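So the sequence lines, in the order shown, correspond to chains A and B.
So in this note's numbering, spot 20 of the first sequence is number 804, and the numbers just go up one at a time.
So in this note's numbering, spot 53 of the second sequence is number 49, and the numbers just go up one at a time.
In short, the hints are calculated from the structure, not lab data.
Some hints here could point you the wrong way.
To be verified - Quick list of in silico lysine to any residue cross-link-like pairs, SDA-like style, CA-CA up to 20 Å:
#: 1; chain 1: A; residue 1: 1100; chain 2: B; residue 2: 72
#: 2; chain 1: A; residue 1: 1000; chain 2: A; residue 2: 974
#: 3; chain 1: A; residue 1: 946; chain 2: A; residue 2: 935
#: 4; chain 1: B; residue 1: 86; chain 2: A; residue 2: 1073
#: 5; chain 1: B; residue 1: 124; chain 2: A; residue 2: 1073
#: 6; chain 1: B; residue 1: 86; chain 2: A; residue 2: 867
#: 7; chain 1: B; residue 1: 1; chain 2: A; residue 2: 867
#: 8; chain 1: A; residue 1: 961; chain 2: A; residue 2: 1026
#: 9; chain 1: B; residue 1: 24; chain 2: A; residue 2: 825
#: 10; chain 1: B; residue 1: 24; chain 2: B; residue 2: 88
#: 11; chain 1: B; residue 1: 36; chain 2: B; residue 2: 1
#: 12; chain 1: B; residue 1: 36; chain 2: B; residue 2: 136
#: 13; chain 1: B; residue 1: 122; chain 2: A; residue 2: 1074
#: 14; chain 1: A; residue 1: 1103; chain 2: B; residue 2: 4
#: 15; chain 1: A; residue 1: 1059; chain 2: A; residue 2: 932
#: 16; chain 1: B; residue 1: 4; chain 2: A; residue 2: 1000
#: 17; chain 1: B; residue 1: 24; chain 2: A; residue 2: 1070
#: 18; chain 1: A; residue 1: 867; chain 2: A; residue 2: 825
#: 19; chain 1: B; residue 1: 30; chain 2: A; residue 2: 1089
#: 20; chain 1: B; residue 1: 4; chain 2: A; residue 2: 1085
#: 21; chain 1: A; residue 1: 1100; chain 2: B; residue 2: 122
#: 22; chain 1: B; residue 1: -1; chain 2: A; residue 2: 1089
#: 23; chain 1: A; residue 1: 904; chain 2: A; residue 2: 874
#: 24; chain 1: A; residue 1: 1059; chain 2: B; residue 2: 30
#: 25; chain 1: B; residue 1: 30; chain 2: B; residue 2: 90
#: 26; chain 1: B; residue 1: -1; chain 2: A; residue 2: 1000
#: 27; chain 1: B; residue 1: 30; chain 2: A; residue 2: 974
#: 28; chain 1: A; residue 1: 1100; chain 2: B; residue 2: 124
#: 29; chain 1: B; residue 1: 24; chain 2: A; residue 2: 1072
As the list claims (entries may be wrong) - Here are the in silico distance ranges between beta carbons for each label pair:
#: 30; chain 1: A; residue 1: 1076; chain 2: B; residue 2: 5; range: 24 to 30 Å
#: 31; chain 1: A; residue 1: 1089; chain 2: B; residue 2: 180; range: 19 to 25 Å
#: 32; chain 1: B; residue 1: 1; chain 2: A; residue 2: 1082; range: 50 to 56 Å
#: 33; chain 1: A; residue 1: 1060; chain 2: B; residue 2: 36; range: 38 to 44 Å
#: 34; chain 1: A; residue 1: 1090; chain 2: B; residue 2: 36; range: 38 to 44 Å
#: 35; chain 1: B; residue 1: 131; chain 2: A; residue 2: 937; range: 49 to 55 Å
#: 36; chain 1: B; residue 1: 57; chain 2: A; residue 2: 1012; range: 54 to 60 Å
#: 37; chain 1: A; residue 1: 1090; chain 2: B; residue 2: 59; range: 21 to 27 Å
#: 38; chain 1: B; residue 1: 180; chain 2: A; residue 2: 943; range: 44 to 50 Å
#: 39; chain 1: A; residue 1: 956; chain 2: B; residue 2: 64; range: 54 to 60 Å
#: 40; chain 1: B; residue 1: 59; chain 2: A; residue 2: 943; range: 42 to 48 Å
Being a predicted model, the structure only gives us computed values, none of them experimental.
Ideal Cβ placement from N, Cα and C applies to all residues, glycine included.
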Amino acid sequence: MTNLKSKLTIIAIVFMLVLIAIQTSIFASNENIQILEKNTGDYIIYVKDNLNTDFEFAFSNDKLADKTALSYYAAQEDTNGNKIALVNSSTKDLFLAPTYMWVRVGTDYILECVEIDLAKAINENDLQIAANLTKIIKVDTTKTNTTEETIDGKKVTTTVGKVVLMGEGEYSYILIKESEEYAKLRDLATRVSKFNSETDMYTKIQVYTEFFNKSKELVSKNTNEWTKVENNEILQPEDSEDGEKYILWIKEENSTTEKLDIQFLTSYKEYSEEKIVETITTKLPVTYDNNILLIVLAILVVAIIVVCIRIKMLNKREK
Amino acid sequence: MSKIKIYKIILICLIIAAIIIGALVVIKYFNLYKNETEAKQVIANIKEELKNNDEPIKEINQQIQGNKVVGIIKIPKIELEYPILETTTKETLNLSITKFWGNQINEIGNVSLAGHNNLNGTMFGKTKKLQVGDVIELTDIQNVTLKYKVFKMYIIDPNDISCILPEQEGTREVTLITCTNGNKNRLIVKAREQNI
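Looking at chain B on its own, in the form it has when it is part of the complex (with noise of 0.2 Å):
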């Protein structure tokens, strides 16, 4: 056989190669459109619903695939603003931010939110842009919003889990965590109500 025909078989094992990983790269990216979407429509959803609605609503009733809407978060600096999934699951993080552990909402002590780090910036893809002083919003179940400070930026290991527990007893606060440096470290950021 000559080498033009090794060649030649090569190329074609490469080709079906590239389109099936091609194909894969496709979907992903579609999967993250669409979750990006419904998210954006869940959120859609509730300010119609509050638009049309005069008296304040009494509770956020919305789902994403079944998942339980238990808040909005909104950081205006990154322009992130997604629904917040009651669980925190490997198929709940690919469709929304969602609450890791801790209280409610709002709730006095610490609620810690987890996003993905995603590559194209959505999802917790910004925090790292983030600075000490920035303001997070959050919107709980009863759609009362309360604002929340940046105080502390810092990188942990996963098995580090004291970032769970409030720094200040008494306070709201709300702890990000997201992947950083792949899956080896977690950055964590701090906010507390703004107010106190």
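Looking at chain A on its own, in the form it has when it is part of the complex (with noise of 0.2 Å):
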């Protein structure tokens, strides 16, 4: 009776693996799809490895939906011939019940019942700010600060890194040293600066938005740190140490418009000790007696002396 208990368990317990299997494969995550919010309120969306692929996709409110049943339409192309499902302006208050999405070619399913959230694409204008980011407001990261202090007899020479602003706005900025939370946000400026022409569209979007959101939810969370810019200068923090990470938000004001930037930074630091050595640029001193009035005073009395030998001789001479 155990025995055969036991093998119903193993059973059932196999049965319910195969069916969360079979329920993967069919939902397939929305990863597989970006979606870009044009700013004619059209949207555009992306399906992954697909971009050159004529496919024809389908959408319905009902999760359940036979999908050989559905309608389905052809893939269009956006303005880098890439292939897309269009969602018109016009027909975008469909999508505000749960809508899900079946992407077909000829009678392979690509996609099978994605859930389709318009709420969450990025727009078009975010899309052009994430990738300008870094490149939004001008610095220069290469200047540094020196300073020198004599300590215990030595010359104390620091040089530490420093930001220069270089345009001529309002600045203010918060300076945040670099932990695992913000590595990310470093992590997807790299890859957004490797970005080439081969790069496609669907992992553009994907990392631009996600760059984008995690850029506004960090600078989010210290909203209460904004520090004036003196001198359109940023120092590095006294007690930063050689190589170390920091990640800068930068945020230009003028009376009509607001920026804001990021720069990832890697902290500088040169230290160096010298032992002061007085050094002697100096002649021994002069001490000699000068006797140039003497031997001077000597020549005019003896040429006194001649000069009356002489006038008394042409004296005798005229007598």
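Fit chain to chain and form the complex, with the hints in mind.
Written out as structure tokens, the structure is:
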């Protein structure tokens, strides 16, 4: 009896696992799509690994809809020639209720029942901002600040990095030492910096969205930390050590506009101690007694005597 | 114009020049005399102060024309005794012997003193007469007198400043510096504390 019960339990577990696996393959994750909200109000859906495939797509508010009975539309092309599923601005209201998407190529279903949430789409303007982050506010991060002080007879020279703002607006900043939470943002920035003409639109939107949202999330955590920039310079923290990672948010405010940018910095510190050695740059003092006056006086006396003798001789000759 | 007249004009010019130069010589030696007198007076003041105090004085507090006295140098062999001034400048060198380089008087290390090689034998005018083994006495501002014995005398180039360094670490040394061969060279007299 006990054996039979165990066998039945195992069979039940196996059956459950098979069911879960089937469900997973049917309800594909929405990680496979990226949605871009155009300024026109249209939504463009990019399907992972299918930017060059002529696919067909269908939407339904019924999660359990019969996929074969749905109305499928042919994929369109964006301005770069990528195959896309387009949600027209006039039909977007249909997506207020939970909506699901099916994608097929011929008779092969690539995606099935992927939930479409237009609210999570990245706006075209935000995408542009994300693409330009680190380049919005012009800065020079190569400058350094050197201080010299004398401690216990030693000349201590410390050189640290600084950020110089190149514009002429009102600036404020938040400088955060990088922790694990902030390191994710740097990783995303590194990925963005490696984008090139080969990078596909799906990947770009995915990384830009993540980068934009993460940056927004982290800066909103520190809104009370904004510090006004003095003399267009942001100095490295005094206690920072060489090689430490920092994230710097910079805000530029004018009467009409406000710009926000981010910089990923690695602190630089050079410290040197030099024993102060008194250097002698002098000659030994001049201590001779100048006897030129006595010599001149002696010459004058001799000359007077000679002239007197000469006058006397001339007088004698005249007489 | 006759030759006699020309010679007479030359004679008058020479006499005027001789009077001017003579006056300058007199002024120079008068100043030397005045400085000598002032230096001797300072020495006398210090001795008087010592004589009138039963307890040892804490610090010599004398000046020559606003220049602080940091000690006294005495070399019995050449009858030399002068206050030592704190700094070496063209002006202070005309007043007395000066401290050119080094620690305080009688401290461990080398102290270099500079003085004019006056033709009339004052200041360091007679140092060339010193010999190895002669004694130099230095009195510091706490009125402590130490005796130093000459161990080396040599002539160097004015640009050679190696003489200001101590010859032997951990000892008290004094270096006397004065001109020789006009301004071409320096006569260096090195002495070390006698007891060591």
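The hints, checked one at a time:
no. : hint                         : result
1   : 1100(A) - 72(B)              : violated (59 Å)
2   : 1000(A) - 974(A)             : holds (17 Å)
3   : 946(A) - 935(A)              : violated (24 Å)
4   : 86(B) - 1073(A)              : holds (12 Å)
5   : 124(B) - 1073(A)             : holds (14 Å)
6   : 86(B) - 867(A)               : violated (93 Å)
7   : 1(B) - 867(A)                : violated (125 Å)
8   : 961(A) - 1026(A)             : holds (13 Å)
9   : 24(B) - 825(A)               : violated (103 Å)
10  : 24(B) - 88(B)                : holds (15 Å)
11  : 36(B) - 1(B)                 : violated (52 Å)
12  : 36(B) - 136(B)               : holds (17 Å)
13  : 122(B) - 1074(A)             : holds (16 Å)
14  : 1103(A) - 4(B)               : holds (17 Å)
15  : 1059(A) - 932(A)             : holds (13 Å)
16  : 4(B) - 1000(A)               : violated (107 Å)
17  : 24(B) - 1070(A)              : holds (17 Å)
18  : 867(A) - 825(A)              : holds (19 Å)
19  : 30(B) - 1089(A)              : violated (33 Å)
20  : 4(B) - 1085(A)               : holds (15 Å)
21  : 1100(A) - 122(B)             : violated (50 Å)
22  : -1(B) - 1089(A)              : holds (17 Å)
23  : 904(A) - 874(A)              : holds (18 Å)
24  : 1059(A) - 30(B)              : violated (46 Å)
25  : 30(B) - 90(B)                : holds (10 Å)
26  : -1(B) - 1000(A)              : violated (111 Å)
27  : 30(B) - 974(A)               : violated (84 Å)
28  : 1100(A) - 124(B)             : violated (52 Å)
29  : 24(B) - 1072(A)              : holds (14 Å)
30  : 1076(A) - 5(B): 24 to 30 Å   : holds (26 Å)
31  : 1089(A) - 180(B): 19 to 25 Å : violated (32 Å)
32  : 1(B) - 1082(A): 50 to 56 Å   : violated (27 Å)
33  : 1060(A) - 36(B): 38 to 44 Å  : holds (41 Å)
34  : 1090(A) - 36(B): 38 to 44 Å  : holds (42 Å)
35  : 131(B) - 937(A): 49 to 55 Å  : violated (36 Å)
36  : 57(B) - 1012(A): 54 to 60 Å  : holds (56 Å)
37  : 1090(A) - 59(B): 21 to 27 Å  : violated (50 Å)
38  : 180(B) - 943(A): 44 to 50 Å  : holds (48 Å)
39  : 956(A) - 64(B): 54 to 60 Å   : holds (57 Å)
40  : 59(B) - 943(A): 42 to 48 Å   : holds (46 Å)
Hint compliance for this structure: hints 1, 3, 6, 7, 9, 11, 16, 19, 21, 24, 26, 27, 28, 31, 32, 35 and 37 are not met, and every other hint is.
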